[in-house]
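> Listed below, chain by chain, are the residues.
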Amino acid sequence: MNTVEDGTQGDVLAGEEVAHGATPSTHARLTAYVRRGGVIVPILTAIIAFVVGGLVVLVTGHNPFSTYRAIFNGTGLNWLFPWVGGAARKTAAFDLQQTLIATTPLILVGLAVAFAFRAGLFNIGGQGQYTVGGIVAVWIGSSFAGMPAVPHIALAVVGAGAAGAAWAGIAGALKATVGANEVISTIMLNWIAIWGGVYLFGLGGPLQDPHQPSVPVSSTVKASAKLPVFWGNAQLQGLHIGLFIALAGVVLFWILLNRTRLGYEVRAVGLNPDAASYAGISPARNYFRVMAICGMFAGVAAAMDILGWKFNLFTNDIQASQVGFLGIAVALLGRNTAVGTIAAALLFGALQTGTSDRFLDPSVFDPNLASNLTLMIQGLIVLLVSTDVIALRVLRSGRGVAVALGRRGKRQEPRA
Amino acid sequence: MSVGTLTATPSRLAAPRQLGIAGLVLAIVAWVITLPPALVRSPAPSIVVAVVAIAAGSAALAGRQRRLGYGAIALALLAVAGAVADTRAGVGHLKVVFTWSVLVAAMLRYATPLLFAALGGIISERSGVINIGLEGMMLIGAFFGIWGADVLHSWVLGCLVAIASGGLLALVHAIFSIHLRADQVVSGTAVNFLALGITGYFFIAHYGPNGTPSRVSQVPNVKLPLIQHVGFFGGAIGNTNLLTWIALLLVPGLSLFLFRTRWGLRLRAVGEKPRAADTVGLPVLRTRYVAVVASGMLAALGGAYLSVAFVGSFNQDMTEGRGFIALAAVIFGKWRPAGALAATLLFGFSSALADRLPTFSQTAATLFQALPYLLTLIAVAGIIGRSRAPASVGIPYVKE
Numbered sequence: 001m002n003t004v005e006d007g008t009q010g011d012v013l014a015g016e017e018v019a020h021g022a023t024p025s026t027h028a029r030l031t032a033y034v035r036r037g038g039v040i041v042p043i044l045t046a047i048i049a050f051v052v053g054g055l056v057v058l059v060t061g062h063n064p065f066s067t068y069r070a071i072f073n074g075t076g077l078n079w080l081f082p083w084v085g086g087a088a089r090k091t092a093a094f095d096l097q098q099t100l101i102a103t104t105p106l107i108l109v110g111l112a113v114a115f116a117f118r119a120g121l122f123n124i125g126g127q128g129q130y131t132v133g134g135i136v137a138v139w140i141g142s143s144f145a146g147m148p149a150v151p152h153i154a155l156a157v158v159g160a161g162a163a164g165a166a167w168a169g170i171a172g173a174l175k176a177t178v179g180a181n182e183v184i185s186t187i188m189l190n191w192i193a194i195w196g197g198v199y200l201f202g203l204g205g206p207l208q209d210p211h212q213p214s215v216p217v218s219s220t221v222k223a224s225a226k227l228p229v230f231w232g233n234a235q236l237q238g239l240h241i242g243l244f245i246a247l248a249g250v251v252l253f254w255i256l257l258n259r260t261r262l263g264y265e266v267r268a269v270g271l272n273p274d275a276a277s278y279a280g281i282s283p284a285r286n287y288f289r290v291m292a293i294c295g296m297f298a299g300v301a302a303a304m305d306i307l308g309w310k311f312n313l314f315t316n317d318i319q320a321s322q323v324g325f326l327g328i329a330v331a332l333l334g335r336n337t338a339v340g341t342i343a344a345a346l347l348f349g350a351l352q353t354g355t356s357d358r359f360l361d362p363s364v365f366d367p368n369l370a371s372n373l374t375l376m377i378q379g380l381i382v383l384l385v386s387t388d389v390i391a392l393r394v395l396r397s398g399r400g401v402a403v404a405l406g407r408r409g410k411r412q413e414p415r416a
Numbered sequence: 001m002s003v004g005t006l007t008a009t010p011s012r013l014a015a016p017r018q019l020g021i022a023g024l025v026l027a028i029v030a031w032v033i034t035l036p037p038a039l040v041r042s043p044a045p046s047i048v049v050a051v052v053a054i055a056a057g058s059a060a061l062a063g064r065q066r067r068l069g070y071g072a073i074a075l076a077l078l079a080v081a082g083a084v085a086d087t088r089a090g091v092g093h094l095k096v097v098f099t100w101s102v103l104v105a106a107m108l109r110y111a112t113p114l115l116f117a118a119l120g121g122i123i124s125e126r127s128g129v130i131n132i133g134l135e136g137m138m139l140i141g142a143f144f145g146i147w148g149a150d151v152l153h154s155w156v157l158g159c160l161v162a163i164a165s166g167g168l169l170a171l172v173h174a175i176f177s178i179h180l181r182a183d184q185v186v187s188g189t190a191v192n193f194l195a196l197g198i199t200g201y202f203f204i205a206h207y208g209p210n211g212t213p214s215r216v217s218q219v220p221n222v223k224l225p226l227i228q229h230v231g232f233f234g235g236a237i238g239n240t241n242l243l244t245w246i247a248l249l250l251v252p253g254l255s256l257f258l259f260r261t262r263w264g265l266r267l268r269a270v271g272e273k274p275r276a277a278d279t280v281g282l283p284v285l286r287t288r289y290v291a292v293v294a295s296g297m298l299a300a301l302g303g304a305y306l307s308v309a310f311v312g313s314f315n316q317d318m319t320e321g322r323g324f325i326a327l328a329a330v331i332f333g334k335w336r337p338a339g340a341l342a343a344t345l346l347f348g349f350s351s352a353l354a355d356r357l358p359t360f361s362q363t364a365a366t367l368f369q370a371l372p373y374l375l376t377l378i379a380v381a382g383i384i385g386r387s388r389a390p391a392s393v394g395i396p397y398v399k400e
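For the record, the sequence lines run as chains S and F. When the letters of the first sequence are read in order and numbered with this note's numbering, they come out as residues 1 to 416. When the letters of the second sequence are read in order and numbered with this note's numbering, they come out as residues 1 to 400.
Next up, chain S with everything else stripped away, as it sits in the complex:
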């Protein structure tokens, strides 16, 4: 879908500036987008989405300001304010731990989508790769009793990453060999993974927990495979070290993309597959490698959730999870960059925690409503990020005002 079909392939590199019917690849458009708006456009995009969300709150008879304040307090980000003290600070610390726990997998699935974008591929299959990774993580984590902690954790994380890589690799291989559109194949792989997980852990399934035969759930992860908690109480779901693994993933993403031959080839294929293959870079080989790396990120994301705080996998959790889909929103808002992904993941992680029924004060706003408000805001953000035009227009009119003010200022200067 990203290739140009009607004979004007030479113009692809020109990016947004192409004036003919041909359209640049997704990557070309996204780079143009990054070049023009800088960091302001994504921030503006998020703000617009929050304003629209606030309007919905207002229309349905609630106070948007107190709602957003309650959501903010639920995220624990007020911990960062030095004036929050005493009991409030303790609560905030706990809430912030939860926000960061939610942020951890989002960073990694964001990278899973962003890496594909940089190669001109659309990995809509983060959810399936995440699911497969989770299945393998919980399987390894709940087996091998008596294994020392470090190799057990390493085995589970590597296994989950490999499973995600293999799952995404199917889509990459299909794209490379028969040219199957990766959007379609990854969507199909998502649902195959989800139903596969429901089969494995469902009642009578091969990996269902034998200790509770009437519950559709996996076996519980052994203590040796649980990620250590470094902030907060391990019994009360403190912050596990997965956050550092996710940040290491970000570093890996940046190095892979910017400092390796692989990254160079990936970016070249993303910019223009034809030019890349003319230069001796095989797009087919890179499609496979890119998808496998994406799947690896998503698989590790699931391992962080399973080994960090979930410890088992319910079938209805497999079906309801949106983490992998959120990766698309994270990658787009973060503009497929390493640092942007962290910021966007933190935003969505905070939203998720702040609107969950555990942390949002129900006397201010019904958490059931709020979690749907989150979905709406996420949708709006993806929608607005899908085209830079709106945010840019707002920005430009803002700049126009600023320029006009500036001129007036300058004119006034000589008088003064």
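Calculated directly from the structure, the hints in this document are not laboratory data. Values in this document were obtained by computation on a predicted structure and should not be read as measured data. Cβ atoms here follow ideal geometry from the backbone N, Cα and C, with glycine treated the same way. Among the hints, erroneous ones may be present.
Unchecked claim - Interface residues of chain S toward chain F, partial, derived using beta-carbon atoms under 7 Å:
no.: 1; residue: Met-147
no.: 2; residue: Tyr-199
no.: 3; residue: Gly-202
Said to hold, decoys possible - No more than 25 Å apart at the CA atoms, straight line, and that leaves these computed lysine to aspartate or glutamate pairs for DMTMM-like:
no.: 4; chain 1: S; residue 1: Lys-310; chain 2: F; residue 2: Asp-317
no.: 5; chain 1: S; residue 1: Lys-310; chain 2: S; residue 2: Asp-209
no.: 6; chain 1: F; residue 1: Lys-334; chain 2: F; residue 2: Glu-320
no.: 7; chain 1: S; residue 1: Lys-90; chain 2: S; residue 2: Asp-357
no.: 8; chain 1: S; residue 1: Lys-222; chain 2: S; residue 2: Asp-317
no.: 9; chain 1: S; residue 1: Lys-310; chain 2: F; residue 2: Glu-320
no.: 10; chain 1: F; residue 1: Lys-273; chain 2: S; residue 2: Asp-274
no.: 11; chain 1: F; residue 1: Lys-95; chain 2: F; residue 2: Glu-320
Assemble chain F onto chain S, guided by the hints.
Here is chain F on its own, set in the frame of chain S:
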């Protein structure tokens, strides 16, 4: 090519195409004879029939009918496996699961929402706009359909409200992907998120924890007076929902429209070669707008079928990926209404079977749910014939 030389001139003796089709039919027969009503209790006859089917498939292969040939051979092998499983199963179980009239009725029930959405998807994609947002459009139709039926006390108005809501959501997708030239997959993803949020929010805000009221005006079933009590047909189609009939009638309607009318030709031209269409004066952007909005309306009607006709209530995320199955049906059916019908019937049958299989085994039933996705993955992989999308699907059009 040894088989080819055996049959001398396959094109004259028996056309390879016919041989392939015969192989497919024989493979199905090999399986069906072990089911009620025939209930052959030994796999031997099935194996004999399957071998003949494989021979026919090989002959078709030799005659360069790769798709049919491999299809017949694969199906014959599956049929043998199925026949062996059937003959080992209890007769009582088989009779419970394979009550054909009930299975067909259930297949139609499951296929209806998929068919509406798939037909919508075909219109949109034929005009050159990918519609990943079918899922969201179905969901919004499901909620606003039942909301309309509840508030306005009429299923007709409920369906109209659903259609309007789906059209509006599709308009958002259209504006972003056509006018603002956003990436169509991203925009469609956004539509899915939005629909999930909007329906969930208003569902909670309006109905609260009690959910939709139990007595909502529902789309009636059509009771066919002549065949309602006539054995198989009575059970299968004698008491089918009105929307199912509408969906089935839409198939030839859309087929005629796409391939036999001027407007259909224009729609396809816009999706294949927008530059050429523009050159001869066709309004490319306007055509795409109309197509996308129409697809949203159809998908929403499919969603409304779920809430207003099938279940009679709404719950959050009730479409559960049916929009993606519909998308799969579009591709599996090669962007043709008849193909989409075949695909949705197949997917519907697999759901119907999954529904009844728990008497056998819960786990097998679950795996049947994955079948549509697996088949579509195989289809896009080109193993059973390559699906070719409209040439310009996914590419925004810029007027010169």
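> Give a verdict on every hint.
We went through each hint and held it up to the structure:
no., hint, in the structure
1, Met-147, "violated (29 Å)"
2, Tyr-199, "holds (4 Å)"
3, Gly-202, "holds (6 Å)"
4, S:Lys-310 - F:Asp-317, "holds (23 Å)"
5, S:Lys-310 - S:Asp-209, "holds (15 Å)"
6, F:Lys-334 - F:Glu-320, "holds (23 Å)"
7, S:Lys-90 - S:Asp-357, "holds (19 Å)"
8, S:Lys-222 - S:Asp-317, "holds (20 Å)"
9, S:Lys-310 - F:Glu-320, "holds (23 Å)"
10, F:Lys-273 - S:Asp-274, "holds (21 Å)"
11, F:Lys-95 - F:Glu-320, "violated (30 Å)"
In this structure, the hints that do not hold are numbers 1 and 11, in rising order.
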